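Asker: Here's the letter readout for the chains.
Number of protein chains: 2
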Amino acid sequence: MNPTIQLYDATLRDGMQGEGMSLTAEEKVRVAHHLDALGIDIIEAGFPSSNPKELELFKRLEQETFQHAQIAAFGMTSRRGIPSHEDESLHILADCFAPLVTIVGKTWDLHLEKVVKVDREENLVMISESIEFLIREGKRVIYDAEHFFDAYRSDASYAMRCLRAAASAGAERIVLCDTNGSSLPHQIGSAVKEVVAGLGGRVATGIHCHNDLECGVANSLAAVLNGATQVQGTMNGIGERTGNANLVSIIGNLQTKLGYAVLTDEQLVRLTPTAHVIDELLNVAPDPNQPFVGRNAFAHKGGLHVAGIRADASTFEHMEPELVGNERALLVSELAGRHTIIEKAAGAGLDIDDAACARVMDHVKRLEHDGFQFEAADASLELLLRKEAGEYEPLFTLHSWRTIVEQDASGRVSCEATIKIDIGGDRYVRTAEGNGPVNALDAALRSAIGEVHPHLTDVELVNYKVRILDEHHGTTATTRVLIDSSDGERTWGTIGVAPNIIAASWQALVDSLEYAEQAKPSPRGSGPRRELAQGLAPAASGDITATVET
Amino acid sequence: MNPTIQLYDATLRDGMQGEGMSLTAEEKVRVAHHLDALGIDIIEAGFPSSNPKELELFKRLEQETFQHAQIAAFGMTSRRGIPSHEDESLHILADCFAPLVTIVGKTWDLHLEKVVKVDREENLVMISESIEFLIREGKRVIYDAEHFFDAYRSDASYAMRCLRAAASAGAERIVLCDTNGSSLPHQIGSAVKEVVAGLGGRVATGIHCHNDLECGVANSLAAVLNGATQVQGTMNGIGERTGNANLVSIIGNLQTKLGYAVLTDEQLVRLTPTAHVIDELLNVAPDPNQPFVGRNAFAHKGGLHVAGIRADASTFEHMEPELVGNERALLVSELAGRHTIIEKAAGAGLDIDDAACARVMDHVKRLEHDGFQFEAADASLELLLRKEAGEYEPLFTLHSWRTIVEQDASGRVSCEATIKIDIGGDRYVRTAEGNGPVNALDAALRSAIGEVHPHLTDVELVNYKVRILDEHHGTTATTRVLIDSSDGERTWGTIGVAPNIIAASWQALVDSLEYAEQAKPSPRGSGPRRELAQGLAPAASGDITATVET
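Going down the list, the sequences are from chains C and R. With UniProt numbering applied, the first sequence corresponds to residues 1 to 550, in that order. With UniProt numbering applied, the second sequence corresponds to residues 1 to 550, in that order.
Just so you know, these hints were derived from the structure itself, not from any lab. All of these numbers come straight from a predicted model, not from anything done at the bench. Heads up, a few of these hints could be off.
No copy is singled out in the list; a pair is fine if it fits within one copy or between any two copies.
To be verified - Here are the simulated DSSO-like pairs of lysine-lysine, each with C-alpha atoms no more than 30 angstroms apart in a straight line:
#1 K420 x K193
#2 K465 x K53
#3 K59 x K420
#4 K117 x K465
#5 K117 x K59
#6 K365 x K53
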């Protein structure tokens, strides 16, 4: 019987140290809900400092309810020469709503000498008193032993004294951190074994690894196999330098390879969608080759593979992809696609036969090959279905559109768009200005269409997202534009893909208005988003709805 | 004293199974030369089949001379029911120039039953006779035991019989393959230990891992630590599904962490440039977070880190980046202090006083508040520093630029840009078409500037990224554009931020060209490409230029 392993997610704090990683307070709250729905035990939210972003985050988190996850605030031991009860940061942690506080402290003599210039004995006092202060203030404390493995290699007995100081002070758990990512699995494994024995079971331990040697996941597993009962990591392994240990792969391995029941089967199925939604929030393209959850993780090419898979999937697969919410690329995708199409048609109140369904699937396949991606563009997909079902009326006939952006010597940028369209046989020519070409194009199109369909003027573009596909082709790459629109009741997503960003945006704009005019609310009365969220539990479906809008 | 470890690269064969991986015969020859210069011992070139591409590859390889690496041809044991001496594929291998042949055979009963439908005894005969045939034909044979670890878990004694059959037939080395990537380091380690003991040192062993559990590197190291003396992998871990074990990280770990002298110090310095040039040949954007060789692998943000690094780099780095041809990067961000700015200035050979440094920091803070982010835009930051240091010359004076994008009734999109600039008192007016407005603007600007600064026409935009900030404002949100440029030796990043995407792109374009014209190489070099150019032989750096142009 394996011990229970606690999953500790550091995406919102350590993950944000990664290059280009940034989330608004609102986005962080959404991430927290996705982590909660996945079954993460502890979510490290960051330091509740006085900067507006952090203030808002902790204010929001205090109001949110989570099914399972606990929120941990993160900080440091008191600063040198300042008594804990006078340390400003410790007071901020004490005043924070979070019942759980993780504080990090020094363990490595090199850092004591070279970085913080703190005497070894004084450091022990700082560790003890900081923890004692927080406990007096009613907090539960997790102690992160920074640079532990470097420290242990350098001076094992002093490193152990730091851990014992934290344990005696009342920390409920001591986390061994490979802060510089300098350790390998066999080193982590033997050190953890010795530490667990050395602490004589007086306090629980945890592990916090980084991926500098491309061993972050293996290191975390080695620690668990040697007695650590909490694993810290980040979703998709985001983090500074080469990233933190990837909690997604750690979960996959613990549950499917090592027999630890860290999640329920229902939660495990969320692993793939959760990993992808968090990439979307970070505006990072999901890694197609990511273990367990990547699009190619269970992809097979070659006749022998396919034949083997048909005979017995275990011949060429280390596990069933469905267990982690992923799918086999060759065989299952088509069926899944067909199922999705039929479901969507029904959801939109459309009646399409098998032939039409097959045509839609072919069309979708071609479009996806060109860079379309309908997961976040249900409205565009529904318009495809309407065309096949013969329930599509074009909103207008395009004669032409044109955008002009110019900058003069004074640096002033001006931007206008002109559209020429026919509606019901009448020609409409409109020109509008905007602070960007797409904004101007949108204004011009709406001013014309609004005369015939006044209610469409209420449609608001709530979100505009651009991703360059094949980024390494420089400015000649293909552009994917995702637009989310709302009429105040429903929100829907549309997509455009073209080498030219304006042309791609135009496609998404037109789909947005055509959907608004033609699509009737689905039986559930909540538009396509709800369908997107199908298969996820209610609590999370709200989050999915929200996050897809980002 | 550690045993000698043989480095076996499978990039040209197994690596090509990865999604979208493709190289011409000519490119494969270039890769082979880069691998040879790095110090790889054996290069697996593929199966010398009769298709034109493979024919050309092997014809070329036969004519090339390599300093150190041996070429291995790759194939399978004879097909069921066909005597080895009549097996067509084995004859092709026998006729190939390569002195070394790697053949893969079955070991796992599940595959014998479900896939190839071969009797267990017959399989042993196929292994023995195939190897004996190739040895009679004068080849040295490496035997790849496919699915070995699954087989060993399923029926250890039969798996061992397969290995003994290969050894008795005269294979010089037996490679244990985790073909489905289903094993973890502790399983690989113990199995390898038992196999090495079981074979009684009669034959050398090797390891071939995949990354399905995100443990490909750790698995390979576990095998070496338990007696395997050859490691197979691919550069940057390319390969099917989640990829093969990453030979780049394996080399970094063996040499810098485990004390195996797999390369000379001079060869090890090539690790980063070689990893990058192979990405370029594959037309893949190098992973900035890749262990050992990524742009961020030794990146630091935050004042405390930078201060620590200055006191003693080992406080925050697991090794000296220069050993593997990488370099320390100091990411400038809100977290960063003046230390970082001073380091940056020094790195750019600029002398700025404290007052100037303070001004730059204020400026950076204001810009970051507006959405700028200099972590991925060193060149824009350096230009900022140059302006403060009085070492900045504008490349031109802008009179105006204009982009026009239009679509007609037929759906045809056309796009042009016109720029009017003054260079040295002369007015240049240029109009260019492009498949997008930014592409057209770039072409127009370059055609004008190229007349005065011809070398700037060689500057390539290798990466163009767009992020909509504050996405909830729909198309009126602020746009951040990041551009990576390269002159074939160096790459640099520039940034633009504006409500208008074209205006933001223009800022980044201009910075890119001004940096190319003005920035002198920093003492420490400015990125992998520079060290590539410095560190590699002329022949190779010629390749770089070519590949960046592709």
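Asker: Next, verify each hint and record whether it holds.
Answerer: Outcome of the hint check:
1. K420 x K193: Result: close neither inside a copy nor across copies, 72 angstroms intra and 70 angstroms inter.
2. K465 x K53: both (22 angstroms within a copy, 25 angstroms between copies)
3. K59 x K420: neither (49 angstroms within a copy, 52 angstroms between copies)
4. K117 x K465: For K117 and K465, neither the intra-copy (47 angstroms) nor the inter-copy (42 angstroms) Cα distance is at most 30 angstroms.
5. K117 x K59: Answer is neither; intra-copy 36 angstroms and inter-copy 64 angstroms both fail.
6. K365 x K53: Classified as between; 16 angstroms across copies, 42 angstroms inside a copy.
When held up to the earlier numbered hints, the structure conflicts with 1, 3, 4, 5 and fits the remainder.
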